[in-house]
Structures are given as structure tokens and as C-alpha cells.
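K.L.:
Sequence:
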Amino acid sequence: MLFDLTQTNPKDDWSYLTEGGASVVFAYIGLQHSVCSGKVLRVRKTSRQDLAGPDLPEPTDNPNEDIEDASVVFQKSIISQLLPEHYLPDTQSVRVTEEWLSQLAVYAEPFRPDIRKQNSLDKNRRIAVLVTNLVVKGLTIEIKNSTFQVLSRALLRTGTASKSEIGSAFVETLLPRIMESNVFQVLRDLQRKLDPLDIEGLAQMWSILRPNLTFGESEPEPDISEWKEFVDVFKNGRECTFRHFLLAYLLSATFKDCSVIIRDPDESYHKIFVIDVGPKSIQRLRKWKELDEIILSHFMRLSESGPKDPCIDLVKPIQINQ
14 MLFDLTQTNP KDDWSYLTEG GASVVFAYIG LQHSVCSGKV LRVRKTSRQD LAGPDLPEPT
74 DNPNEDIEDA SVVFQKSIIS QLLPEHYLPD TQSVRVTEEW LSQLAVYAEP FRPDIRKQNS
134 LDKNRRIAVL VTNLVVKGLT IEIKNSTFQV LSRALLRTGT ASKSEIGSAF VETLLPRIME
194 SNVFQVLRDL QRKLDPLDIE GLAQMWSILR PNLTFGESEP EPDISEWKEF VDVFKNGREC
254 TFRHFLLAYL LSATFKDCSV IIRDPDESYH KIFVIDVGPK SIQRLRKWKE LDEIILSHFM
314 RLSESGPKDP CIDLVKPIQI NQ
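According to this note's numbering, the stretch in the sequence shown is residues 14 to 335, in order.
No lab work stands behind these hints: they were computed from the structure.
Keep in mind that the hints are not guaranteed to be accurate.
[Unchecked claim] Only pairs whose alpha carbons sit at most 27 Å apart, straight line, appear in this in silico BS3-like list of lysine-lysine:
#1 Lys136 x Lys284
#2 Lys206 x Lys89
#3 Lys269 x Lys284
[Stated by the list, open to error] Okay, the calculated beta carbon distance ranges per label pair:
#4 Lys206 x Lys130: 35 to 43 Å
#5 Phe312 x Ile42: 43 to 51 Å
#6 Phe197 x Phe312: 18 to 26 Å
Virtual Cβ for every residue (Gly too), placed ideally from N, Cα, C.
Could you build the full structure based on these sequences and the hints that come with them?
P.N.:
As C-alpha cells, then:
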């Protein structure tokens, strides 16, 4: 049975930590607890204008009905089959109520950035997620394309170091830990193997097989059973259908958009985690194709006046069954 988080106090036991576009994260600050200590709580958000909309999921108030959060199921059933489990933080679903989430939202509101306040906690949720707190102590570094930009701007304002000094220190601190781990090799291999066609090739294949539909149109979202079937096909090298290639691209997008967390890089003991590995919506295919076209257009314009070095990408021929 899922743990009932209403046994904790939303005001005294939880502290606003951060938030992204989809979730708000709270750190547990209460007394020692067998379930919550060392964890953060991830609560999903919804647009304010959708709070009373017809598309919200129906609340499940039956305490005996244990429905795991989709992100937890996806990590346990799919991601852990592709990425070594020691790179994944522990996750578990917990039960919440509308009243408890409403109180949590009130306490969090003063700490939230104004830019994020157009979206609020989804109080209709009955399931939230506990995740290992990766920033509970010591130094934690998130490796993402924007991370160094934020870090360098913050340090430059202090006037204690130049941008080149910051960059050198950043690399010198992280490089030994990264070289000791194969995490980037694993991610690289997954990105490439799951995306042999690229979005452009995938769209071309779509136009051949489904000429009457725009790219991604009327394509259903995969459920967990279909994800499991695909992973079995992928891991065992079996022949793929076009649907499998669509799912493969979604997974490659997950591994391209994930973040790598390094804890205590200056200590003799350190841990590396991969986070943000939730499933991507198949409805984003058309958006990705449009973005790819913009990137390619800019690249072609820049290359007209730059070096003409070829772009080499060694990919084996693909056989696709309809």
C-alpha cells in the first residue's frame, strides 16, 4: 500500500525547493522519518485556466487503490532496463489529498518565482512522488547545457574570478569524476542507437507509410505495455516496425533531454545520477521536426561562409516493416 503523505505536516515538514515547467519540488525538513527523510517531494502542476476544465483526471479517493505515478512506473519498468540502476535515484509514489495539497500550495506561494506562478500545483492529483534528495548536503552539480551559463553569470557578479578561470575550475573539478564513470558513454550509445533515422528521416518515412496524415497526426500515446514490448524488441535486436521507430525516437529524446547530477565531486566518495528521464509525448513529433528544420536552415546559412567540413554520422542501413 502506498504511504499516506497526509501523515506529515505540509507547513512544518516540507520546504519549497525549486520547480520546473511540469512539477514543483519540496524538500523534507521534518523529524527523522522512515519514508520521507532524505527525500524530496515532486508535485505535478497544471495551468490555472485548466483548474476547472473538463480534461482533469478524476480523483481517486479509495485508500486501497494503489495507482503508481506514471513517471515512477516508467523509470522502474522502462528506463531501468536501459540505464544501469545505480545511475537512477530512488523514486516511490505516495498518496495525497486535495486539502493537503491546497495547504502545501499556500505555504509555497511566497517562495515561488513570479515567472512560474502562471501554473499552480494540481490539487486534483491523488498521487505525488518521493525522490532521493540529491542536494541534501555537500556540493551537487547538475550538468546541463544552461548550467555553466547560470553559474558563470552568478560568479562574475561577485568579481572574484574571470569567465576563463571559472570555466577552467569547472572542468578541472568535474573531469576526473566524469572520466571515472561511463555514464556519458552509456547515454551517447542510447541516444544514437535509439535515433538511427533522425527526425528528418523519420518524417520522410512517415510521408511514405502514412501519406494522408501530417507528421504525428492521430498517433496514439504508447501505454506501459507497449513500452515494455518495445524495450524487449530493442534489447534483443529483433526486427522493428515503424511504430517501434517512433517509440525509439521518443526514448532518444528522453536521453538527450536528461540531466546528469554529480554529488560531492571533491570527495573521495561520489555518486553520479541521471534525472529527468520521464517519457516524452508523441504529440511533440511535429514540433521537433519544425525545430530541426529551423536549426538546419541556420546551419546551412552559416556554412555558406564557413568551412565545408563534412558531417560524418556512421549509421547502419535500416530495414523497416510496415
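K.L.:
Hints first: check each against the structure and report whether it holds.
P.N.:
Status of the hints after comparison with the structure:
Note on Lys136 and Lys284: the hinted pairing is violated, with a Cα-Cα distance of about 34 Å set against a maximum of 27 Å. With a CA separation close to 21 Å, the supplied pair Lys206 and Lys89 stays within the 27 Å bound. For the hint linking Lys269 to Lys284, the alpha-carbon distance of about 21 Å falls within 27 Å, and the restraint holds. Look at Lys206 against Lys130: about 41 Å separates their beta carbons, and that is inside 35 to 43 Å.
Checking the proposed 43 to 51 Å range against Phe312 and Ile42 shows it holds: the Cβ atoms sit about 48 Å from each other. Checked against the hint of 18 to 26 Å, the C-beta distance between Phe197 and Phe312 comes to roughly 24 Å, which is consistent with it.
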